[in-house]
Amino acid sequence: MTARPCRGEIKEEIIRNNLSVAVIAAAALALCGGAAPVSHYPGNQGLTWAALAQLPDWTGAWALDPPSFQRVVATSGGPDGNPNIPPLTPQYAAMRKANGAANGGQGPAGTGVETNSLHCLPSGMPGMMSSPFSFEFLYTPGRVTIINDGREIRRVYTDGRGHNPNADPTFEGDAIGHWEGDTLVIDTQNILPDADLFVGMHTGANTHVAERISKIGPHTLEDQLVVSDPVIFAKPWRYYRTYQLNKLGMSEYVCEQNNRDSNGIVNLTPPPE
Amino acid sequence: MNFFNSRLLAVACASLAGIQPVFAHHSFSNFDMSRMETVSGTVRALEWTNPHVWLWIDVPDGKGGVIPYGLEGAATGEMARQGWSRTKVTKGEKITAQMHPLRSGQNGGSLGKTTFADGSSLGNTLVLKK
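Those sequence lines, one after another, are chains A and B. Mapping the first sequence onto numbering that gives the first Met the number 0, position 195 (from 1) lands on 194, and the numbers just tick up by one. Mapping the second sequence onto numbering that gives the first Met the number 0, position 30 (from 1) lands on 29, and the numbers just tick up by one.
It is worth saying that the hints were derived from the structure and are not from the lab. Check the hints yourself; a few may be wrong.
Said to hold, decoys possible - Covered by chain A, according to a simulated footprint, are these stretches of chain B (three or more residues, beta-carbon under 8 Å):
1. 44-53
2. 100-111
Said to hold, decoys possible - Computed cross-link-like contacts, DSS-like style, restricted to lysine-lysine with a CA-CA straight-line distance of at most 25 Å:
3. A:LYS246 - B:LYS112
4. A:LYS246 - B:LYS87
5. B:LYS62 - B:LYS87
Since we're looking at a predicted model, the values are computed, not measured. Note that CB positions come from ideal geometry on N, CA and C, so glycine has one too.
Kindly produce the complete structure, drawing on both the sequences and the hints.
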């Protein structure tokens, strides 16, 4: 990656482009970190274009691999004691039984065992990281942006800022990260209580997600997750997902394109010949 | 249980999970996952769309006509990783596909292993093609 110009070089650009002094100063501050908050974490936090080049290379599309996918399927149902089902509080264990998810998704048909995407809503966190799509990790100074085929976007700030207590809750939550060597550590909170935990279960008002993402092989990324919510979980839910480099690249997934399953009713009208 | 042990259990469980379609979009509550049926006929159409790919097969009704069956696959990206493409089949091609039938009794189901006219086949599992 070519480093962006800083200070003196920016002056030359300004003269060439005939930009105003104010724009120049703002650009210098933004690009060179002069106004950016100071990171509390040691080591390279990717605060400049030059620093980003020293971070681990996660270029490409990364898709949930078959073992992880099977774990996702196993989490979609099964009886209590299934190691893929997180330890729920009695209240939420009862809720899961009532909505059919505890019966392998084969319980009473209905929206109780469905995911947000049935309604073309985002999964949100933490469900997004278990979606069987490809993911890409885009670096810009002080930020990693995670995008999946389903057009969900996570903006992970590594510029040293803290959580914004006044921000509106969102599906993806407020993601604050930092780099520990080659590992991206993310703390996500302020998640809407409508995001997917797993099939048949939504997040709560205080769901918190802690992640450590790193490359564990030349073509494998791993995300270690710890999801906690004292109302939902009897103890924090620890699990991991692995992703393999998908040489086919990213795909376009538009949920509204040909949604024949809307609201559980399957439209079996064949396409016109 | 520590994190490492939970991993081992998760892998063990995954190995027992068997063939499952992909639920990018919904669970399998519409399908009878305990049953696997086989339909044979000719390709009517392949809808290479999201949230799901749909394979349409004209199945002979035994009276000289055909009944269209709609078989739901995964999202295009997932199907591509399994070896499918928008040009994988042609209209009129002989084809045999396994499916978990719809609970509603409608003529359709969740797409499973598909065998093509040349004898080759693809399974609808998340198997990456490298």
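Hints versus structure:
1. Counting residues of the stretch 44-53 of chain B whose CB lies closer than 8 Å to any CB of chain A gives 7, which reaches the minimum of 3, so the coverage claim holds.
2. Beta-carbon proximity to chain A at under 8 Å applies to 6 residues in the stretch 100-111 of chain B; the threshold of 3 is reached and the given coverage holds.
3. Our distance criterion of 25 Å between C-alpha atoms is met by LYS246 of chain A and LYS112 of chain B, whose separation comes to about 23 Å.
4. The suggested pairing of LYS246 of chain A with LYS87 of chain B holds, with an alpha-carbon distance near 19 Å, which does not exceed 25 Å.
5. Taking the CA atoms of LYS62 of chain B and LYS87 of chain B, the gap is near 29 Å; set against the 25 Å cutoff, the hint is violated.
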